[in-house]
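Chains C and W supply the protein sequences, listed in that same order. Everything in the first sequence is counted per our numbering, starting at 1 for the first residue and increasing by one. Everything in the second sequence is counted per our numbering, starting at 1 for the first residue and increasing by one.
Incorrect hints may have been included.
Stated by the list, open to error - For the chain W half of the interface with chain C, some residues (derived, Cβ under 8 angstroms), not all of them:
| # | residue |
| --- | --- |
| 1 | Asn96 |
| 2 | Val97 |
| 3 | Pro100 |
| 4 | Glu104 |
| 5 | Gly114 |
| 6 | Leu122 |
| 7 | Ala123 |
| 8 | Glu240 |
| 9 | Arg295 |
| 10 | His298 |
| 11 | Leu322 |
| 12 | Tyr323 |
Stated by the list, open to error - Which chain C residues face chain W? A few, computed with CB under 7 angstroms, are given here:
| # | residue |
| --- | --- |
| 13 | Val97 |
| 14 | Ala98 |
| 15 | Gly103 |
| 16 | Ile106 |
| 17 | Ser119 |
I should point out that these hints are in silico values taken from the structure, not numbers from a laboratory. Idealized CB from N, CA, C, for every residue including glycine.
Number of protein chains: 2
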Amino acid sequence: MPKTEPSPRPATQKAALSSKKVQSEKVRGAGIREVAKQAGVSIATVSRALSNEGVVSPQTRQRVVEWAAALDYKPSPLGRNLVRGRSDLVGLIVPNVAFPLYGEIIRAIGDVLGRHGMSILLASSHDDEAAERGAAQHLLRHALDGGIVINSRLGALLPLQRHSGWIHVAPEVSGLPHRVELDNEAGGALAAHELLASQRRRLAYVGAEGRESAERERGFARVVAGAGLTYRRFGGDYSEVSGLRAGEALLGGAVGGGSGWTSSAGSTPAGTFPGDTFPDGIFAAGDLMAAGVLRSLHRRGLRVPQQVAVIGFDDAVIASLLYPRLTSIRQPAYPMGVAAANLALRLLEGQSGGPLTFMPELVRRESTGPPE
Amino acid sequence: MPKTEPSPRPATQKAALSSKKVQSEKVRGAGIREVAKQAGVSIATVSRALSNEGVVSPQTRQRVVEWAAALDYKPSPLGRNLVRGRSDLVGLIVPNVAFPLYGEIIRAIGDVLGRHGMSILLASSHDDEAAERGAAQHLLRHALDGGIVINSRLGALLPLQRHSGWIHVAPEVSGLPHRVELDNEAGGALAAHELLASQRRRLAYVGAEGRESAERERGFARVVAGAGLTYRRFGGDYSEVSGLRAGEALLGGAVGGGSGWTSSAGSTPAGTFPGDTFPDGIFAAGDLMAAGVLRSLHRRGLRVPQQVAVIGFDDAVIASLLYPRLTSIRQPAYPMGVAAANLALRLLEGQSGGPLTFMPELVRRESTGPPE
Numbered sequence: 001m002p003k004t005e006p007s008p009r010p011a012t013q014k015a016a017l018s019s020k021k022v023q024s025e026k027v028r029g030a031g032i033r034e035v036a037k038q039a040g041v042s043i044a045t046v047s048r049a050l051s052n053e054g055v056v057s058p059q060t061r062q063r064v065v066e067w068a069a070a071l072d073y074k075p076s077p078l079g080r081n082l083v084r085g086r087s088d089l090v091g092l093i094v095p096n097v098a099f100p101l102y103g104e105i106i107r108a109i110g111d112v113l114g115r116h117g118m119s120i121l122l123a124s125s126h127d128d129e130a131a132e133r134g135a136a137q138h139l140l141r142h143a144l145d146g147g148i149v150i151n152s153r154l155g156a157l158l159p160l161q162r163h164s165g166w167i168h169v170a171p172e173v174s175g176l177p178h179r180v181e182l183d184n185e186a187g188g189a190l191a192a193h194e195l196l197a198s199q200r201r202r203l204a205y206v207g208a209e210g211r212e213s214a215e216r217e218r219g220f221a222r223v224v225a226g227a228g229l230t231y232r233r234f235g236g237d238y239s240e241v242s243g244l245r246a247g248e249a250l251l252g253g254a255v256g257g258g259s260g261w262t263s264s265a266g267s268t269p270a271g272t273f274p275g276d277t278f279p280d281g282i283f284a285a286g287d288l289m290a291a292g293v294l295r296s297l298h299r300r301g302l303r304v305p306q307q308v309a310v311i312g313f314d315d316a317v318i319a320s321l322l323y324p325r326l327t328s329i330r331q332p333a334y335p336m337g338v339a340a341a342n343l344a345l346r347l348l349e350g351q352s353g354g355p356l357t358f359m360p361e362l363v364r365r366e367s368t369g370p371p372e
Numbered sequence: 001m002p003k004t005e006p007s008p009r010p011a012t013q014k015a016a017l018s019s020k021k022v023q024s025e026k027v028r029g030a031g032i033r034e035v036a037k038q039a040g041v042s043i044a045t046v047s048r049a050l051s052n053e054g055v056v057s058p059q060t061r062q063r064v065v066e067w068a069a070a071l072d073y074k075p076s077p078l079g080r081n082l083v084r085g086r087s088d089l090v091g092l093i094v095p096n097v098a099f100p101l102y103g104e105i106i107r108a109i110g111d112v113l114g115r116h117g118m119s120i121l122l123a124s125s126h127d128d129e130a131a132e133r134g135a136a137q138h139l140l141r142h143a144l145d146g147g148i149v150i151n152s153r154l155g156a157l158l159p160l161q162r163h164s165g166w167i168h169v170a171p172e173v174s175g176l177p178h179r180v181e182l183d184n185e186a187g188g189a190l191a192a193h194e195l196l197a198s199q200r201r202r203l204a205y206v207g208a209e210g211r212e213s214a215e216r217e218r219g220f221a222r223v224v225a226g227a228g229l230t231y232r233r234f235g236g237d238y239s240e241v242s243g244l245r246a247g248e249a250l251l252g253g254a255v256g257g258g259s260g261w262t263s264s265a266g267s268t269p270a271g272t273f274p275g276d277t278f279p280d281g282i283f284a285a286g287d288l289m290a291a292g293v294l295r296s297l298h299r300r301g302l303r304v305p306q307q308v309a310v311i312g313f314d315d316a317v318i319a320s321l322l323y324p325r326l327t328s329i330r331q332p333a334y335p336m337g338v339a340a341a342n343l344a345l346r347l348l349e350g351q352s353g354g355p356l357t358f359m360p361e362l363v364r365r366e367s368t369g370p371p372e
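Excised from the complex, chain C in its bound form:
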């Protein structure tokens, strides 16, 4: 209950007040003093009453709300958040916003956070360690309630004081505490099974640097070895042009650029089918590289899937736009984004996090199937 005698209810004064319009909202919150004075409460009580946070009696809250309305006072968001101790902001660091798969994840995170009245504060890491560190510092200038980083290249981000950690979606570094990941090895195994089911025996893998490709290849190699086969391998960088080059190399043509892989120790031998024969089943560790492989086949006049089956990874939007429509291993990007956002909310509420692993799924389209 208020300690001082409050002024009469504002309704009777409304006409008089509106003719002498109260100064509109200022960031420093000049108007809050007037509301506090008229309602006979402290400034802190006005803040609590209007933000619906903290203990205020219903009568006091009602009086404050009425006076705030009469005086045309709107609380400053900055001031309100200062009182609540929450910013309702979740930082999000993405390598490249324009990459379709990330767009899906961002959309999911935005949908979940939006339902909780929270917003995304976005920064780009440009797939670069220094830029990622800069993006994190940039975001931390704001009071974040949490943070999510996609494909992080940093083992640990900057020390955070208000919450226990960031959520990592598919980090390059392993073993981080709060992470949402895909079972890449299972995805590679799915791809191998699909090519074997399509009756292919001359197999090839088009991969790239980094943890994800290594895991996809491990699953692929395991299933291929289980069938008593080996495979050829060629390395790209997830771009279409690198897939085109890999395709040309695998088809035995002239290889420009020379971005060929050096096989790491212990990797699979060079393949059991003759060097002058092209593969009849190619698994690319990314849809863009698969697009390049398809183009190399079109250029040779090889029919897909009759002569060569092709399978990609990610199932990004482009997979179904390619010709023929690309069979791909789907990353459930939207559900993974939902999981990351929910994990951020859990940490914010002081609950524990822990790793979440999603299973990839085969999406069969036109680029695999029985040979002619």
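Take the given structure of chain C and dock chain W to it, following the hints.
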């Protein structure tokens, strides 16, 4: 200069202080009192000194910084922004983050704002008027320094108190004061010129609802009419499947779904080439619809561009991934995003805005060219 005698320099006390660690940062800024007391200045002076805003003598600033370091005090971003009266946040409302063209615009906006120490607060309008209004209300709960909205469906957004207006990128509504637009009509004209230069005479337009398609068609129709020709037209919704359906309809096959256009009054007549002849030049008002048109041609076994030339619009990432690589009218998405961000910065500084119109550009690839 300080009015009270400050405490001795903190360096000598550092060891003692660190053993009795000061309570770490709290949002309410408990630590700032201690810094002010030790440095012999007011809390406001500490704030000004640490935020580099406002007038503080170099000596006082130095003393505050040293005491803040010794006491392990880090200013609360919320409190700092409250003092500065700026949030360094720019709201951004996008129909769909996952659409590649928008990704490019977002990336550009983030790059420009990042260089000015500002961040993007992201919300999605889901291409829907009610959702867009909700997104705006959501963002306005934060103290924004500015706002940008892409493809807005609302004529005017919510009343904003702290800045004069939002920047609109390619709004559906015309005549908004601060806008960044493409000259869509010029883009349509470019497409027509390219098809005519490719020696095509049996032309078709695949469009969609809304202002942008209407403008693109106007430019296309003008050039076609200038060459003494007419064209057939069919409507989609910017999706690939609608382009596929349009392609099948234009090729004279069975049309499923029946999403055909009703020609508006005054539109171009049905075309001068016989009804049983397929068009040899098709302009689609979006790359995804062009992808569908290409697929309909592949299904009929028609060769592109030898038998039918196809041209898209936007030059999104997918354009160069299609088979054959799609000739398209490029929207300079990145430069448009840069312009929108710069316009937001100008408005924030109290300068005037005004509309900016960008010229589209023809990007010639494999889907146009001379017939066989």
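* Given W:Glu104 as an interface hint, is the shortest Cβ-Cβ distance to chain C below 8 angstroms? -> At about 5 angstroms, which falls below the 8 angstroms cut-off, the nearest Cβ of chain C leaves the hint on W:Glu104 intact, so it holds.
* To do: Mind checking the CB of C:Ile106 against every CB in chain W and telling me if the closest is under 7 angstroms?
  => At about 5 angstroms, which falls below the 7 angstroms cut-off, the nearest Cβ of chain W leaves the hint on C:Ile106 intact, so it holds.
* Asked: Against chain C, is W:Leu122 within 8 angstroms by beta-carbon distance?
  -> holds, 4 angstroms
* To do: Would you settle whether the hint for W:Gly114 is holds or violated, based on the nearest Cβ-Cβ distance to chain C being less than 8 angstroms?
  => Holds: closest Cβ of chain C sits about 6 angstroms from W:Gly114, inside 8 angstroms.
* Asked: Can W:Tyr323 be said to touch chain C, with a Cβ gap under 8 angstroms?
  -> holds, 4 angstroms
* Asked: With a cut-off of 7 angstroms, does the beta carbon of C:Gly103 approach a beta carbon of chain W closely enough for the hint to hold?
  -> holds, 3 angstroms
* Asked: Holds or violated: W:Pro100 as interface residue toward chain C, Cβ cutoff 8 angstroms?
  -> holds, 6 angstroms
* Would you check whether W:Arg295 satisfies its interface hint, that is, whether its CB is within less than 8 angstroms of any CB in chain C? => Hint on W:Arg295: holds, closest Cβ of chain C at ~7 angstroms, below 8 angstroms.
* Does the interface hint hold: is W:Asn96 within less than 8 angstroms of chain C, judged Cβ to Cβ? -> holds, 7 angstroms
* Hey, does the C:Ala98 contact hint survive, CB to chain W under 7 angstroms? -> holds, 3 angstroms
* **Interface hint for W:His298, Cβ within 8 angstroms of any Cβ on chain C** => With a minimum Cβ separation of about 6 angstroms from chain C (threshold 8 angstroms), the hint on W:His298 holds.
* Taking the least C-beta to C-beta distance, is W:Glu240 closer than 8 angstroms to chain C? -> holds, 6 angstroms
Going through the hint list in order, the structure satisfies each hint without exception.
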